[in-house]
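Asks: Take a look at the letters that make up each chain.
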Amino acid sequence: MHPFTFTKASDTREALNAGRRGRYIAGGTTLVDLMRETVERPETLVDISGLPLRDVTVTKGGGLRIGALVTMSDAAAHSKVRSLFPVVSEALELSASAQLRNMATIGGNIMQRTRCTYFRDVTANCNKREPGSGCAAREGFNRTHAILGTSESCVATHPSDVAVAFAALEAQVHLLGPGGERTVPFGDFLLRPGSTPNHEQALTRGELITAVELPALPRPLKSGYLKVRDRQSYEFALTSAAVALHISGGVIRDAKVAAGGVGTVPWKLPAVEKHLIGQRPSESLWAAAAEKATEGARPLKHNRFKVDLLERTVERQLRTVGDNT
Amino acid sequence: MSPQPQAAVGAPLSRVDGRLKVTGKARYAAEHEVNGVVYAVIVDASIGRGRITGIDTSAAEAQRGVLSVIHHGNAPKLPYKDNKASNNPPGARLRVFQDDKVRFHGQPVAVVVATSLEAAQHAASLVKVRYDAEQPSTELSKGKPDKPTSYARGDVEAGLRKADVRLDLTYRLARNHHNAMEPHATIARWNGNKLTVWDKTQWVVGTQTELSTVFDLPLKSVRVISPFVGGGFGSGLRCWPHTVVAALAARVAKRPVKLVLSRKQQYFATGFRPEYEYRLRLGSNRQGRLIAMAHEMEHETSSYETFSEGVLDPGRMLYSTPNVSQAYRTVPLDVNTPIWMRGPGPATASYVIESALDELADRIGVDPIELRQRNEPDEDESSGLPWSTRRLRECYTVGAREFGWDRRSAKPRSRREGDWLIGMGMAAGVYHTARMPAEAHVRLDADGTAVVETAASDMGPGTYTSQTQVAADALGLTVRTVTLKLGDSLFPQTPPHGGSMTMASVGSAVLDGCNQVRRQAIKLAIEDKESPLYGVNADDVVVRGGRLHAKGNPTRGETYQRLLSRNDRTHLESLGSYSGAPSTERHSLHAYNATFAEVAVDAALGLVRVRRVLGVYDAGRIISPKLAESQAFGGMVGGIGQALLEHTVTDHRDGRIVNANLADYLVPVNADVPDLKAIYLDGEDREADPLGVKGLGEVVMVGVAPAIANAVFNATGRRVRQLPITAEALI
Numbered sequence: 001m002h003p004f005t006f007t008k009a010s011d012t013r014e015a016l017n018a019g020r021r022g023r024y025i026a027g028g029t030t031l032v033d034l035m036r037e038t039v040e041r042p043e044t045l046v047d048i049s050g051l052p053l054r055d056v057t058v059t060k061g062g063g064l065r066i067g068a069l070v071t072m073s074d075a076a077a078h079s080k081v082r083s084l085f086p087v088v089s090e091a092l093e094l095s096a097s098a099q100l101r102n103m104a105t106i107g108g109n110i111m112q113r114t115r116c117t118y119f120r121d122v123t124a125n126c127n128k129r130e131p132g133s134g135c136a137a138r139e140g141f142n143r144t145h146a147i148l149g150t151s152e153s154c155v156a157t158h159p160s161d162v163a164v165a166f167a168a169l170e171a172q173v174h175l176l177g178p179g180g181e182r183t184v185p186f187g188d189f190l191l192r193p194g195s196t197p198n199h200e201q202a203l204t205r206g207e208l209i210t211a212v213e214l215p216a217l218p219r220p221l222k223s224g225y226l227k228v229r230d231r232q233s234y235e236f237a238l239t240s241a242a243v244a245l246h247i248s249g250g251v252i253r254d255a256k257v258a259a260g261g262v263g264t265v266p267w268k269l270p271a272v273e274k275h276l277i278g279q280r281p282s283e284s285l286w287a288a289a290a291e292k293a294t295e296g297a298r299p300l301k302h303n304r305f306k307v308d309l310l311e312r313t314v315e316r317q318l319r320t321v322g323d324n325t
Numbered sequence: 001m002s003p004q005p006q007a008a009v010g011a012p013l014s015r016v017d018g019r020l021k022v023t024g025k026a027r028y029a030a031e032h033e034v035n036g037v038v039y040a041v042i043v044d045a046s047i048g049r050g051r052i053t054g055i056d057t058s059a060a061e062a063q064r065g066v067l068s069v070i071h072h073g074n075a076p077k078l079p080y081k082d083n084k085a086s087n088n089p090p091g092a093r094l095r096v097f098q099d100d101k102v103r104f105h106g107q108p109v110a111v112v113v114a115t116s117l118e119a120a121q122h123a124a125s126l127v128k129v130r131y132d133a134e135q136p137s138t139e140l141s142k143g144k145p146d147k148p149t150s151y152a153r154g155d156v157e158a159g160l161r162k163a164d165v166r167l168d169l170t171y172r173l174a175r176n177h178h179n180a181m182e183p184h185a186t187i188a189r190w191n192g193n194k195l196t197v198w199d200k201t202q203w204v205v206g207t208q209t210e211l212s213t214v215f216d217l218p219l220k221s222v223r224v225i226s227p228f229v230g231g232g233f234g235s236g237l238r239c240w241p242h243t244v245v246a247a248l249a250a251r252v253a254k255r256p257v258k259l260v261l262s263r264k265q266q267y268f269a270t271g272f273r274p275e276y277e278y279r280l281r282l283g284s285n286r287q288g289r290l291i292a293m294a295h296e297m298e299h300e301t302s303s304y305e306t307f308s309e310g311v312l313d314p315g316r317m318l319y320s321t322p323n324v325s326q327a328y329r330t331v332p333l334d335v336n337t338p339i340w341m342r343g344p345g346p347a348t349a350s351y352v353i354e355s356a357l358d359e360l361a362d363r364i365g366v367d368p369i370e371l372r373q374r375n376e377p378d379e380d381e382s383s384g385l386p387w388s389t390r391r392l393r394e395c396y397t398v399g400a401r402e403f404g405w406d407r408r409s410a411k412p413r414s415r416r417e418g419d420w421l422i423g424m425g426m427a428a429g430v431y432h433t434a435r436m437p438a439e440a441h442v443r444l445d446a447d448g449t450a451v452v453e454t455a456a457s458d459m460g461p462g463t464y465t466s467q468t469q470v471a472a473d474a475l476g477l478t479v480r481t482v483t484l485k486l487g488d489s490l491f492p493q494t495p496p497h498g499g500s501m502t503m504a505s506v507g508s509a510v511l512d513g514c515n516q517v518r519r520q521a522i523k524l525a526i527e528d529k530e531s532p533l534y535g536v537n538a539d540d541v542v543v544r545g546g547r548l549h550a551k552g553n554p555t556r557g558e559t560y561q562r563l564l565s566r567n568d569r570t571h572l573e574s575l576g577s578y579s580g581a582p583s584t585e586r587h588s589l590h591a592y593n594a595t596f597a598e599v600a601v602d603a604a605l606g607l608v609r610v611r612r613v614l615g616v617y618d619a620g621r622i623i624s625p626k627l628a629e630s631q632a633f634g635g636m637v638g639g640i641g642q643a644l645l646e647h648t649v650t651d652h653r654d655g656r657i658v659n660a661n662l663a664d665y666l667v668p669v670n671a672d673v674p675d676l677k678a679i680y681l682d683g684e685d686r687e688a689d690p691l692g693v694k695g696l697g698e699v700v701m702v703g704v705a706p707a708i709a710n711a712v713f714n715a716t717g718r719r720v721r722q723l724p725i726t727a728e729a730l731i
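Chains H and W supply the protein sequences, listed in that same order. For the record, in the first sequence the residue sitting at position 287 is 287 according to my numbering, with numbers rising by one throughout. For the record, in the second sequence the residue sitting at position 552 is 552 according to my numbering, with numbers rising by one throughout.
Worth flagging that the hints you see were computed from the coordinates, not collected in a lab. Keep in mind that a hint or two might mislead.
Per label pair, the in silico range of CB-to-CB distance [what the hints assert, rightly or not]:
no.	chain 1	residue 1	chain 2	residue 2	range
1	H	139	W	669	29 to 39 Å
2	H	194	W	116	37 to 47 Å
3	H	98	W	19	46 to 56 Å
4	W	286	H	125	50 to 60 Å
5	H	323	W	401	53 to 63 Å
6	H	123	W	73	14 to 24 Å
7	H	99	W	98	37 to 47 Å
8	H	123	W	154	34 to 44 Å
9	W	144	H	123	22 to 32 Å
Sample of chain W residues with no beta-carbon within 10 Å of chain H, all distances over it, derived [unchecked claim]:
no.	residue
10	122
11	296
12	537
Every beta carbon over 10 Å from chain W, so not counted as near; a handful from chain H, in silico [as the list claims (entries may be wrong)]:
no.	residue
13	99
14	201
15	238
16	277
17	278
18	296
Only a predicted model underlies this, so the values are computations on that prediction, with no experimental measurement involved. In this text, a Cβ means the ideal position worked out from N, Cα and C, and glycines have one as well.
Please model the complete structure; the sequences and the hints are all you need to start from.
Replies: Below, the structure written as structure tokens:
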């Protein structure tokens, strides 16, 4: 670990001042790990865990605003999250371990960096860690890597589960920076790698995430998260699917679908959604819609299986959510 | 056993060291407090093969607190005398910092010593090493195998020709790492030419001899201390280069040095279960009676040492087969040297043989248990020796009954629950009963308590507890009044704590020592006119709860305390010993199991979930049932890992291990561990050793992976001939 200075911000203004020259740290569950590996070498850490960003509130239309410092476990257990957006609770509870969920925050969760093992090994080439050095994963061991949204520079997946739910639900990210507040749609917040995989979020220097807002959606809304992985707990997804369906009068009026474990960012599936809307639930509908999930997939040597697995994961979760409606 | 009543042996006791462990008072290698200790961090090679052309240590040395940076350019030359009394495989062991060659990715190329761990870690990251890199060879299929070790009986090719059913199957097993909870760690301290080392090891004696030969010191000048080991599974069976690095660093820095390997470093600084390719050709008649088996197996070893393991035994003796051939090849690659890992050899061979038998059973339509019964041998066909005990048939019967084997459908894909296909599988397991010479010192004090000292380790099976049970009964004391002291090379010598031989070997020495001390006390009493036992025949005296008394008359007797104090004896003592296996065995000795597994497979998503595992064991006498059950559970968990999760991945482009951490190298977590049940058949093996034990730490892992793989076939109809079985093989 490289030497660094550590300051604790007592309020938002102090945080923003310090944030211009430093890195924010809350739960630290990703950042400290990466500092130990010397992947991250911040000179200044700004501890924001004392800021008043720990509330979950219902918005006017019936959405939810989750403060950036709400821990994963608190968010998952919150009665409103559970009742209004089960997909968020489920995604959180299928993440990491109980210990990590108790420490890690919602803001930190969406900021977490890829699990690509070449990114995490400072002796390997990685454009995300060291722009221009090359991508060791593209021709290396890439079983867990992305099949969607990849570029010549980078094939790493975004590891978060709850971000997949946020992408599906079209959440908004509330930001506060030296220039004031702004709101970014979740789909624009996490960036595809392109030729600059080191730029991962649409954040300007010193900007702070204050909350993630889940929009008010037409009800009744059924939702849920399916995570496919080698072991039953404490592992990142091979594939996952976040599904929310608004069905009334026997017809799907609205569909929100995204996939995880397959994209360089949480992968929203508009073609699947479009295929569902206006249709009546049926086994054949789920299958036909899920076929659209893999459009544009570009598998690598070791992750070819993810193409089929993604389609099956989406189909299964459409059925699980849709049949219960 | 002794004529003493057995009160402690066979009782389901909790660990005698449990309190120490849960209160953090059990000291593991890195936890010993040593005055003036400084910290060492190793710099690992970032190429897989080649030469070091330059090392720039200036930035590292400029850091505050850095005492020295040692590498091949400035390290003292070390004698590295031959070490014959070791577990080092044939070859030339890796000599740390003695030349500029890089033999595998991760090889130690430098070590930083600093006054704080943080300074040492940071400085290590600042050491700049330049290399002349070559392409390493790390792919098993592309390496050049050594000459085979061969075995043959009968005529395999003729046997295969006349067989009604022939199978030609190739199985692959991934490299596995031990991944014990405690990292490997060493504290080294020099006092003149005397070296004391606190080390994570399963064999203090082995580490002692290795360090004495590396530094060319008299054996007595090296002391190795390792009272507690936080899991080993075999990784502590030899002294690894980092232990030498710690001692070397302490000598250069002239300070005691602590060196703890990072989790990542455990993947190349210590050994592993090698990757295998194993081809089995098998022929049987229509009834499934085996006619011929031809085994060809190869596995990786390093370029500098030829590691091998006992993978041949099951193929020779487990089933009656007139014609057997075996060709076992090691393949030298640019990797570090492998080492034994739980169930070494049989855990690999049994996966292949037991899977193949399941394939045969399916082919000819015979129940897998019935098939095995039909091939049950009357004697060890490889040696012609009779079995000491072999109760595999009982294991099958008890297991089938307890598991509900009759509910299994022979036809795959016949049981479905929603999206899950349910299947059952079974396998037999075997592990040879090894015994080696051992000694133990026993002292009975005048206060009626006893201390037993022996160099053996306790890496987790509960050696402290089970040896205490043996000692307590032989001395006629309660468990509470006996103290075991383990893991110090000053104590009487023991063999490596591995190969399931600790209870047989060390236990027999403890038993001998305690028997001797008890007999001394009895002799003292019956010859002492003031003793109530004066004149009683020695064979008619027993000791219970620290009190000697006449066999048929409990009121006639006295305590050890009274006896010793009246005779002005501060203590009685003896060096117990056990001579190990006879030079010529008269029996074939093995522990056995039948393991059963039920799995649920989501065939669409490629998920395998183990629902139940049952092991039925023929392991001889069970000294400590509660710990034996824990051992079995541990073996089953290890087997679940081997079957479904564990896989060390090498990037063959540069030889780097890609998943050298516990997030990417998957071991089972609680959620993966289902309903486990272990049944030990009651009994003992009188031919094995004075305690009648056959060893159980290894055999409990053997057979688990094939039982699971066979259950996956029964569930899905899909035969995956590769471990671990992962989603891509099933969807």
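Asks: All the hints need checking, so say for each whether the structure fits it.
Replies: Results for each hint:
| no. | hint | verdict |
| --- | --- | --- |
| 1 | 139/H / 669/W: 29 to 39 Å | holds (31 Å) |
| 2 | 194/H / 116/W: 37 to 47 Å | holds (42 Å) |
| 3 | 98/H / 19/W: 46 to 56 Å | violated (26 Å) |
| 4 | 286/W / 125/H: 50 to 60 Å | holds (58 Å) |
| 5 | 323/H / 401/W: 53 to 63 Å | violated (40 Å) |
| 6 | 123/H / 73/W: 14 to 24 Å | holds (21 Å) |
| 7 | 99/H / 98/W: 37 to 47 Å | holds (43 Å) |
| 8 | 123/H / 154/W: 34 to 44 Å | violated (53 Å) |
| 9 | 144/W / 123/H: 22 to 32 Å | holds (28 Å) |
| 10 | 122 | violated (6 Å) |
| 11 | 296 | holds (27 Å) |
| 12 | 537 | holds (63 Å) |
| 13 | 99 | holds (12 Å) |
| 14 | 201 | holds (22 Å) |
| 15 | 238 | violated (6 Å) |
| 16 | 277 | holds (25 Å) |
| 17 | 278 | holds (27 Å) |
| 18 | 296 | holds (21 Å) |
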